[in-house]
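J.: Just need the whole structure built from these sequences, with the hints factored in.
Heads up: the protein sequence lines correspond to chains A and B, in order. Residue numbering for the first sequence follows the numbering used here, beginning at 168 and increasing consecutively. Residue numbering for the second sequence follows the numbering used here, beginning at 125 and increasing consecutively.
What the hints contain is simulated information worked out from the structure, not anything from laboratory work. You may find that some hints are simply not true.
Claimed, not checked - Looking from chain B toward chain A, a few residues come up when the C-beta cut is under 8 Å (computed):
hint, residue
1, 354
2, 367
3, 392
To be verified - Between beta-carbon pairs, the in silico distance windows are:
hint, chain 1, residue 1, chain 2, residue 2, range
4, A, 203, B, 328, 54 to 60 Å
5, B, 432, A, 212, 32 to 38 Å
6, B, 383, A, 265, 56 to 62 Å
7, A, 265, B, 431, 44 to 50 Å
This structure is a prediction, so every number in the text was calculated from the model and none was measured. We treat Cβ as the ideally placed atom computed from N, Cα and C, and that holds for glycine.
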Amino acid sequence: MSQPPPLTPASVVRLRREGGVAHFPGLSRPRCIHCARYSEAQRDELWRLLSSAESGAGLEEAPGADRRRFCLSVEDTNGTSLWLLTVAEEAVPQELFEWWRQAETQAENGSAP
Amino acid sequence: MADSLPAGARLFLPPYMLERIASAGSNHLRECARHTLVVDQQFRARAGAVILPQGSVKRGEPARYVHSAEQQQALPGRLVRGEGEDDSGDPAVDEAYHGLGATYRLFWEVYERHSIDDEGMVLLATVHYGRDYENAFWDGQQMVFGDGDGELFNRFTIALDILAHELTHGVIQHEAALAYVGQSGALNESLCDVFGSLVRQHQLEQSVDEADWLIGKGLFTERVAGRALRSMARPGTAYDDPLLGRDPQPDHMDAFVVTEADSGGVHINSGIPNRAFHLTAMALGGHAWERAGRIWYDTLVDQRLGQDSDFPTFATLTLDNAERRYGAVSQEATAVREGWRRVGVLP
Ligand SMILES: [Zn+2]
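T.: Written out as structure tokens, the structure reads:
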């Protein structure tokens, strides 16, 4: 595993939550964060959260069943994947979870913040 | 009450627990110790093995322990209701307690299985996990239930079949340990739905015609356009909602979904074996747990069922078990063969 690449205005961060006791196509769609819409300070904060999820990720899959996971990725504007991480939801910082929730709201309203 | 705790529950206090009782003055900790439970708030997500409390030493009697995470994500949380204790007044706690009892009862009364490991393993559940947490899972040692967000999902203990589904994950872990990916993972999921549904049918004393064959009925709030999480009778028809999307389950191998999501579609392609079970049970009539359920249970504990079994392997084993128990030309064997044939798994 490696740390996420620095986030530039050209970066797109994708957050996808999946798994759980049922698969809901509507809830497991990836949610996009277009970094161009955020300040440098916000991008740094987002990078710190991705990095924190990376360091919290275990080497082995958590035991059990019906657990949820987050799939995190960083892409450039062409959609080329630069970084990918799948992590148990327990390892995702609350603040990153809030970004995920926020991304949903944006998609619903169809407007940038 | 404490007097009706399984005998073993209080007799064998592990050394660390004795230490704690000796060093701690609080009534709360003493209470926990009385139930020989590990309450360690530092375990947010348990990675390694944790010593479980003593299970039930008497076959036919469960050892249930229901905790509250109090909206945190620490497991197991605070013990609220131990085996034999009265209703707590907290619906989630009491639903979990009674649901574990109903699940224990099906496995014991019908299949003579003494809890998750057939050796009386403790039935450990945690409710009120997280804030607005809309999921339930098996963590490898215990069941965990969220309260739901109230928007789309109610509390997860509301559905008896979901409680039983999570407990069955434990049973599978102690038997074939079907790998949680692809077809073996979908079989793992399907077996949990099968026994989840059977627990509810058994509790309600329903015949195959009376049962609704839904999984997780009551979990959705009224805002959701859907009846349940899954339908075993008609996979792919349980919900169709603007936010949740549409039930993605196929009902035939022709529509098998190849995907990386959901551990290779474990909750998606489970629709196929779910329907095979439903068809088998309907063909046999009466109570689904008696013959169809017995054949599936025989297969679940069959030593030949490997971790990486695929649908045809599992189907062939159910057929073999039906033939062994009921005869090669029996109604049961025919029903099983026909069930798998109609979903495209056996020719
Ligand atoms: Zn499951």
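J.: Could you say whether the range 44 to 50 Å given as a hint is met by the Cβ separation of residue 265 (chain A) and residue 431 (chain B)?
T.: About 38 Å separates the Cβ atoms of residue 265 (chain A) and residue 431 (chain B), which means 44 to 50 Å is violated.
J.: Was the hint right that residue 354 (chain B) lines chain A, CB cutoff 8 Å?
T.: holds, 7 Å
J.: Minimum Cβ distance from residue 392 (chain B) to chain A below 8 Å?
T.: With a minimum Cβ separation of about 5 Å from chain A (threshold 8 Å), the hint on residue 392 (chain B) holds.
J.: Can the suggested window of 32 to 38 Å be confirmed for the beta-carbon pair residue 432 (chain B) and residue 212 (chain A)?
T.: violated, 43 Å
J.: Range hint 56 to 62 Å: satisfied by the CB atoms of residue 383 (chain B) and residue 265 (chain A)?
T.: violated, 28 Å
J.: Go through the hint on residue 367 (chain B) and say holds or violated, using the shortest Cβ distance to chain A against 8 Å.
T.: Since the shortest Cβ distance to chain A is 5 Å, the answer is holds.
J.: Is it true that the C-beta distance of residue 203 (chain A) to residue 328 (chain B) lies inside 54 to 60 Å, as the hint says?
T.: Since residue 203 (chain A) and residue 328 (chain B) have Cβ atoms about 56 Å apart, the given range 54 to 60 Å holds.
Hint compliance for this structure: hints 5, 6, 7 are broken, all remaining hints hold.
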